[in-house]
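Enquirer: With the sequences and hints as input, model every part of the structure.
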Amino acid sequence: MDEYAIGLIVALIAVVITFVAAFREKNDIHRLIIADLGEISALVLIALIATDLAEALIIPGLVVGISELLALSEVYLVREHLNRPVKHPFRIEVLDTAPTIIAAILVLYGIVLSGFTGGAVAGTGMIFYFMGKKNAERFALVETVSGYAWALWIVAFFIFMVVPEYWFFAVMLAGGAILAKVTAKMSLIGTMRGEKDV
Amino acid sequence: MFELASSNIGGQELFVLPFGDIVDYFTPYTGALFLFALIFTLICIFSKPEKSMDIVFGTDAIYAKGVTGKDLHFRRFMAIACGIATMGAVTSGDVFNFTLFVSMVGICIIGITASVKNRQVLHTAFNYGIITMLATIPLFGGAAITLAATGTLSIWELSAIAPAMPWIAKALILVGVMGEGMAPFYVAKAELTRAPGAPYVLMIHVSSLLMFLRVVEIILTV
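These protein sequence lines are chains A and B, in that order. Here the first sequence stands for residues 19 to 216, numbered as in our numbering. Here the second sequence stands for residues -12 to 209, numbered as in our numbering.
Among the hints, erroneous ones may be present.
Below 25 Å or equal to it, Euclidean Cα-Cα: the simulated SDA-like pairs (lysine to any residue) are [said to hold, decoys possible]: (1) 176(B) - 161(A); (2) 176(B) - 91(A); (3) 157(B) - 94(A); (4) 52(B) - 176(B); (5) 157(B) - 23(A); (6) 104(B) - 91(A); (7) 104(B) - 94(A); (8) 157(B) - 91(A); (9) 57(B) - 40(B); (10) 57(B) - 161(A); (11) 157(B) - 26(A); (12) 44(A) - 169(B); (13) 157(B) - 22(A); (14) 104(B) - 157(A); (15) 57(B) - 88(A); (16) 44(A) - 106(B); (17) 176(B) - 97(A); (18) 157(B) - 27(A); (19) 176(B) - 42(A); (20) 57(B) - 96(A); (21) 57(B) - 100(A); (22) 44(A) - 165(B); (23) 44(A) - 117(B); (24) 57(B) - 27(A); (25) 157(B) - 31(A); (26) 44(A) - 171(B); (27) 157(B) - 55(A); (28) 104(B) - 101(A); (29) 157(B) - 77(A); (30) 38(B) - 180(B); (31) 203(A) - 163(A); (32) 176(B) - 19(B); (33) 52(B) - 30(B); (34) 44(A) - 162(B); (35) 157(B) - 38(A); (36) 157(B) - 30(A); (37) 157(B) - 71(A); (38) 52(B) - 98(A); (39) 57(B) - 85(A).
Treat the hints as calculated values from the structure; they're not laboratory data. The structure presented is a predicted model; accordingly, all values stated were derived computationally and were not measured.
Expert: Following this line, the structure appears as structure tokens:
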């Protein structure tokens, strides 16, 4: 028996366990989490192919799964009237002092890395900073930066296709733009504290 | 005895739109499905939502429930997105793209259903959503097993070497589409059919029907 068949059998056993759990569970929030586990096993089935194409198929599969999870969580919150803001936000002393220096280190290191990875590292720093600070950010500005960065990223792709001689410029443009975009998008997560519309 | 004129299920291809190796195509069959989806999307864009009337029990009074403002925009947007996803599903020439479009239709149906702020309707939307999430396992699993067994996902390539797709993959995709297309049953259970805004609810039925018709064509072709 080859490795694919063994992996497939293991994955299908996991799927069966997930389905049994989903039908036995009665608590709605637990069923939601079990359904998310099921999505992960669907990704496992794709990942078993273990080619570049499988890698390209995992990302849309993951996006579909996450969007369904977000939509259902929102439905659950509205249904259970859980949309009141949190009364006592999480406060400990280290969150008042540490964020600035850690965020600065992470953002600098992210800029050195550049590209998607750099964006993720810098974004983690920004999340930490915004979580530690009070909620006085300018959402519109962050969104605008993210939007322009995305447009620059697309421009870089057009340069690749139309004038391939300037590939180095396009690589730098795409790397910088995706850094700014991922950082901005991730930093928005840090500003979510359960107020209205977030 | 009976002899079919053509073994080709969908008929001759009328129009082909290649994006690299992802080839969208129209046959008379899928073209008809596409036109059907397009017409209903246009109905959702241009028609005004229906107003439902409630009679106050024991009196002559009647009050009308309408859909207005933000709620209207959201439901109309979701219905249009559902129509576009359906059009993508019926024209797609790639098994994985088909499964992705089917999951998109599922998400849009959750959106249409969940826009009614009624506890029972939200309960139904939640339960349907759980089924949708679980149905993506057989959908993507079927596509992944096809890719592993044949090395391709293109319906053109698969139909050239038919019967190539393992029967288990066909069965999984069919089960997945059944899960995603189960919405009309849930809609019938919900208060949704009595809630205002008829053309948007219609889109749920249309997209579910078209997905079933298309998956039958795919399973018979490959």
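Enquirer: Which of the numbered hints are not met once you compare them with the structure shown?
Expert: 1, 3, 8, 14, 24, 32
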